[in-house]
Amino acid sequence: MTTPKPATVHTQQANAPRDLGMDDRDIDRARQGLIAQHPTGVLEGPLGVAWDASRHDYVVDGAQPDTVHPSLWRQAKLNAEHGLFSVSDKVWQVRGYDISNITFIEGQTGWIVIDPLTVEPAARAALELANTHLGERPVVAVIYTHSHTDHFGGVLGVTSQEEVDAGRCRVIAPEGFLYEAIAENVIAGFAMGRRAAYQFGPLLPPGPTGHVDCGLGKGLAIAAPSLIAPTEEITFTGEELNIDGVRVVFQLTPEAEAPAEMNFFFPDFGWLCMAENCTHTMHNLVPIRGALVRDALAWSKYIDEAISLFGDETEVFFASHHWPRWGHDDIVDYLRKQRDMYRWIHDQTMRLANHGYTALEIAEELELPEEFSSQGHTTGYYGHLVHNVKAVYQRYLSWYDGNPANLWRLPPTEVGSRYVALAGGADAMVAAAQKSFDEGDYRWVVEMLNHLVFAEPDHAAGRELQADALEQLGYQSESATFRNAYLTGAQELRNGAPPRREAMRRGFLDAMTVSQLLDTIAVRLPSDLVGGRHVTIHLTISDRPTEADWTIEISNRAMSSIAGLRGSSDLALTMPLEYLIALAANEMTVDDVLTASRCEGDPTAFEFAFGHLELFYSGFAIVEP
226 MTTPKPATVH TQQANAPRDL GMDDRDIDRA RQGLIAQHPT GVLEGPLGVA WDASRHDYVV
286 DGAQPDTVHP SLWRQAKLNA EHGLFSVSDK VWQVRGYDIS NITFIEGQTG WIVIDPLTVE
346 PAARAALELA NTHLGERPVV AVIYTHSHTD HFGGVLGVTS QEEVDAGRCR VIAPEGFLYE
406 AIAENVIAGF AMGRRAAYQF GPLLPPGPTG HVDCGLGKGL AIAAPSLIAP TEEITFTGEE
466 LNIDGVRVVF QLTPEAEAPA EMNFFFPDFG WLCMAENCTH TMHNLVPIRG ALVRDALAWS
526 KYIDEAISLF GDETEVFFAS HHWPRWGHDD IVDYLRKQRD MYRWIHDQTM RLANHGYTAL
586 EIAEELELPE EFSSQGHTTG YYGHLVHNVK AVYQRYLSWY DGNPANLWRL PPTEVGSRYV
646 ALAGGADAMV AAAQKSFDEG DYRWVVEMLN HLVFAEPDHA AGRELQADAL EQLGYQSESA
706 TFRNAYLTGA QELRNGAPPR REAMRRGFLD AMTVSQLLDT IAVRLPSDLV GGRHVTIHLT
766 ISDRPTEADW TIEISNRAMS SIAGLRGSSD LALTMPLEYL IALAANEMTV DDVLTASRCE
826 GDPTAFEFAF GHLELFYSGF AIVEP
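Quick note: the sequence shown, position 16, residue 241 per the working numbering, numbers continuous.
Simulated from the structure, these hints should not be mistaken for laboratory data.
Note that this is a predicted model, so its numbers are computed, not measured.
Heads up, a few of these hints could be off.
Said to hold, decoys possible - Below are the SDA-like pairs computed for lysine to any residue, each with C-alpha atoms no more than 20 Å apart in a straight line:
| no. | residue 1 | residue 2 |
| --- | --- | --- |
| 1 | Lys302 | Asp251 |
| 2 | Lys302 | Gly266 |
| 3 | Lys526 | Arg561 |
| 4 | Lys302 | Gln257 |
| 5 | Lys302 | Arg250 |
| 6 | Lys562 | Gly536 |
| 7 | Lys315 | Gly470 |
| 8 | Lys526 | Thr462 |
| 9 | Lys660 | Leu647 |
| 10 | Lys315 | Glu540 |
| 11 | Lys302 | Gly246 |
| 12 | Lys562 | Glu540 |
| 13 | Lys315 | Gln262 |
| 14 | Lys302 | Asp277 |
| 15 | Lys302 | Gly287 |
Please construct the entire structure, taking both the sequences and the accompanying hints into account.
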């Protein structure tokens, strides 16, 4: 494996240590209330080590290296604080063993768990840490703040489906949670998962030239996520529940940080949980892994609503990431700055858009004013102004910038070949790029050599110089996600993409509705293999009485799934839901399903519809063809 290279003189100058003028109290906040740390910091999981806190000891113990932006180094130190922390009387958090926090509230009879992390080993270790040092209690309720995996994927580490089914553990989530949790992770989940490796950098070795942080937390724990469906949904702002003797008032915030999300307040204690709507970073309006574009205007207004609803009574603030804050005045000032940041990004982007600026132009034009740039919690460690501007523009005006030259661009391999020819050949392009590299103009080097790599991916000198330029951009990035993306791209140019593996998540398939499952299957149908035939299948799911009957129709090379039995069919098929899930998970073949199910009609109809499904794999190329 090719090793990373040191910082150039240009990067050394860009990363020179300096006074950032940020709040020095953050380190005290991040450390306040520490009770205990995991005895080893190593969490074992079914795939091996799910988490090892020692991977980032170099951040805790070391001085800022010249390969890390000084502001990102500050955030990395804060996120490296780990253990069980007291937040307030009856409130504790375990932080630093996953990208997110898990919060424990002491109820009358047991634990109320808020956001059980990404994976089971991390959540189980956190619960054991709490039980060991605070006294063992049963988990009587789980609250999912929102529909992102790092806030529900570890639920089997704190409870079980059996406990939930028996009524011994409530599972509470915002309206629309289940649909959104599955939709985001399935329809585009395979592509999103591959891109997430660039955003979070899990394949980067930890160290000053590798993985430093994720901005939102130290990193992702590694194991397969799970999901237990909610037993209760919050359906309106102001809804109040008594959860094991603890009063909680909820505020719905859909299409802010997540399509389904909620803040909530504990009126008897003055505690405010802002989920992931307010953390100690500028957040993403669309993550670089991909997702639906979030509504910056609504996001700002939700924060204002929280101030209005709960601000006067709030004395303790905590969230799904980072450290808490204490004291009414400090919390309200923090919330106002968070509110105003998202409003400023939204309004200034659209102001310039209405002057005719494109997204690229606006991203170059806007700079965070001092009111935000001096605050760690409004700095772009996870989101980034450059990317968020483009997200706002996209939400209102789409990806298209209005210039017809950009309506139908040539694909990268085609345009790359033409640029290389225009430059006088690959070697001439590399020579020009090397001159720019020596001058520290790394963005231009990356622009040039991206054309070369897509035109001639085996050109060794071009690949290496492209990797070198991406690497220096990574070293200079204040945003952890930008750094991880640049460094992962450099690593793959030098050493190749990771091995291709089948990318199927059985845990999500088990939680889907029949409609979602059929939509997921339809995405895997290659249209060129299903032309020239019209097929209709009546499908009955024998163990789903509320979603039993479906019409599957393939016409004009597209698969439609229609609730109910419509018209005549080529085949009537009755099966339990497990067969359909197993087929989607590649655990049963078409022949297996036909043999085990009750069939009336032409079995070739099922073979035609479901026998060509493509498998999706991780490890597809990103920085090369």
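For each hint, the structure was consulted:
no.: 1; hint: Lys302 <-> Asp251; in the structure: holds, 10 Å
no.: 2; hint: Lys302 <-> Gly266; in the structure: holds, 17 Å
no.: 3; hint: Lys526 <-> Arg561; in the structure: holds, 11 Å
no.: 4; hint: Lys302 <-> Gln257; in the structure: holds, 15 Å
no.: 5; hint: Lys302 <-> Arg250; in the structure: holds, 13 Å
no.: 6; hint: Lys562 <-> Gly536; in the structure: holds, 14 Å
no.: 7; hint: Lys315 <-> Gly470; in the structure: holds, 12 Å
no.: 8; hint: Lys526 <-> Thr462; in the structure: holds, 14 Å
no.: 9; hint: Lys660 <-> Leu647; in the structure: holds, 18 Å
no.: 10; hint: Lys315 <-> Glu540; in the structure: holds, 14 Å
no.: 11; hint: Lys302 <-> Gly246; in the structure: holds, 16 Å
no.: 12; hint: Lys562 <-> Glu540; in the structure: holds, 17 Å
no.: 13; hint: Lys315 <-> Gln262; in the structure: holds, 19 Å
no.: 14; hint: Lys302 <-> Asp277; in the structure: holds, 16 Å
no.: 15; hint: Lys302 <-> Gly287; in the structure: holds, 10 Å
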